[in-house]
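Q: Sequence:
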Amino acid sequence: MSRDRPSLLTALLLPLLACAAATTQAREVAAPADHVQADGPYVFRQGDRLQATWICDDKVESHTLATQAAGTDIAPRCGYEHTVHVAAPNAPSVSVLPAVPRIVALSDIHGQYGLLVRLLRAHQVIDAQDRWALGKDTLVIAGDVFDRGPQVTEAFWLLYGLQQQAAAAGGAVHFVLGNHETMVLYDDLRYVNPKYLRSAQLLGRSYPQLYGADSVIGQWLRTRPVLLKIGDTLFLHGGISPEAVQLALDPARTNAAYQASLGLPKAEVKADPATAPLYDGKTSPIWYRGYFDGRLDTAGVQAVLDRLQLARIVVGHTSMPHVSSFHGDRVIAIDSSIKNGENGELLFIEDGKLSRGLLDGSRVPLAEGEPGLQD
4 MSRDRPSLLT ALLLPLLACA AATTQAREVA APADHVQADG PYVFRQGDRL QATWICDDKV
64 ESHTLATQAA GTDIAPRCGY EHTVHVAAPN APSVSVLPAV PRIVALSDIH GQYGLLVRLL
124 RAHQVIDAQD RWALGKDTLV IAGDVFDRGP QVTEAFWLLY GLQQQAAAAG GAVHFVLGNH
184 ETMVLYDDLR YVNPKYLRSA QLLGRSYPQL YGADSVIGQW LRTRPVLLKI GDTLFLHGGI
244 SPEAVQLALD PARTNAAYQA SLGLPKAEVK ADPATAPLYD GKTSPIWYRG YFDGRLDTAG
304 VQAVLDRLQL ARIVVGHTSM PHVSSFHGDR VIAIDSSIKN GENGELLFIE DGKLSRGLLD
364 GSRVPLAEGE PGLQD
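Every position in the sequence shown, counted from 1, becomes a number in our numbering once 3 is added.
In short, the hints are calculated from the structure, not lab data.
Glycine included, C-beta positions come from ideal geometry on N, C-alpha and C.
Heads up, some of the hints might be wrong.
[As the list claims (entries may be wrong)] Calculated cross-link-like contacts (lysine-lysine; reagent style DSS-like; alpha-carbon spacing at most 27 angstroms): (1) Lys356 to Lys139; (2) Lys273 to Lys285; (3) Lys285 to Lys269.
[Said to hold, decoys possible] For each label pair, taking beta carbons as the anchor points, the in silico distance ranges come out as: (4) Cys59 to Gln312: 27 to 37 angstroms; (5) Thr67 to Gln249: 45 to 55 angstroms; (6) Val63 to Arg366: 37 to 47 angstroms; (7) His66 to Ser365: 41 to 51 angstroms; (8) Gly74 to Arg124: 22 to 32 angstroms; (9) Lys285 to Gln127: 36 to 46 angstroms; (10) Ala255 to Gln305: 18 to 28 angstroms; (11) Gly297 to Asp37: 22 to 32 angstroms; (12) His85 to Ala279: 15 to 25 angstroms; (13) Arg366 to Asp190: 35 to 45 angstroms; (14) Val248 to Pro101: 18 to 28 angstroms; (15) Gly297 to Ala69: 53 to 63 angstroms; (16) Gln305 to Gly284: 23 to 33 angstroms.
Take the sequences, apply the hints, and build the full model.
A: Have a look at this one:
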């Protein structure tokens, strides 16, 4: 079967997109929404208790529960429609794992919870009740749940719960941090949906404080990796540039550095020589786009793979019409523009064989990559 080729219109738009990217720093934070119909829960640890808060019809509701050794269940009120099972605080995630027979991957959900659920249900990753259905297989999300869309809270709770359910079934869910996770946590709110700025007002906290280290999701985020190696495949949000290849030689050390710096002020992390390479807007693992914009040719990609002893690198961050292959399957781009709320795809890696899953549940070969839209 021939591979789909993205529209010529995409290539024609690239000069305009480059201009837009150059002026992105001028983007301003939106005004808060006037009304929040439903959001939550936001759950905070307070000693041996949990405080859960929701916003229902623009009013705050709160409930305090004692923590249970086996985990604490929080029934839904509004916002996320399922019971939340709050487990003990997470330990830092593992950075390097052995190969597994089957991996499903996607990225850049950006608050499009409804589309995420449709896509996962279509491929039996979750069942009709939105519970884990992939057995002993692995799901990887390569960053960027935050920003843009209106159901960030729901998407985080779904992934948090699926991680627990997958582990109980012998499978795994891995969430890899993206640039928008780091942006929100260091108070760059230019892409936050106005709904969440209103939520923060009502709850009396800044938006980053809703994901502070005392919150359940905030603590979970602070234990997630930026680099995840499974067998001969490296998953990350942006990419490994030649300038930053040393960061991928010791994924555990790099992940620990990111985790320790999350939530620090933006100016501080960029001024510190120890953390500046982690956040460089052109070369760092959460921002790099050089596989797609001509900075790195196929020989350069192969040199990076050889240095890291990899078969392929799987990334999000740079939006494409489809899950796409670049540089002869050496780089797989999995940001399939879910952020637009209209369509999305999954990557399947099954014993080294690659395919993509469509929203109708069908499976087709990867698209042949061409330059795509930029975040």
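Q: All hints are to be evaluated individually against the structure, with a verdict given for each.
A: A quick look at each hint next to the structure:
1. Lys356 to Lys139: OK: Lys356 and Lys139 at ~18 angstroms, within 27 angstroms.
2. Lys273 to Lys285: Given that 27 angstroms is the threshold and the Cα spacing comes to 13 angstroms, the pair holds.
3. Lys285 to Lys269: Holds: Lys285 and Lys269 sit about 16 angstroms apart, inside 27 angstroms.
4. Cys59 to Gln312: 27 to 37 angstroms: 52 angstroms Cβ-Cβ, so the 27 to 37 angstroms window is violated.
5. Thr67 to Gln249: 45 to 55 angstroms: holds, 47 angstroms
6. Val63 to Arg366: 37 to 47 angstroms: Holds, at about 45 angstroms.
7. His66 to Ser365: 41 to 51 angstroms: holds, 43 angstroms
8. Gly74 to Arg124: 22 to 32 angstroms: Between Gly74 and Arg124, where Cβ atoms are some 25 angstroms apart, the hint holds.
9. Lys285 to Gln127: 36 to 46 angstroms: holds, 39 angstroms
10. Ala255 to Gln305: 18 to 28 angstroms: holds, 25 angstroms
11. Gly297 to Asp37: 22 to 32 angstroms: Because 44 angstroms falls outside the window, the suggested range is violated.
12. His85 to Ala279: 15 to 25 angstroms: violated, 40 angstroms
13. Arg366 to Asp190: 35 to 45 angstroms: holds, 41 angstroms
14. Val248 to Pro101: 18 to 28 angstroms: holds, 23 angstroms
15. Gly297 to Ala69: 53 to 63 angstroms: At 57 angstroms between Cβs, range holds.
16. Gln305 to Gly284: 23 to 33 angstroms: Holds, at about 25 angstroms.
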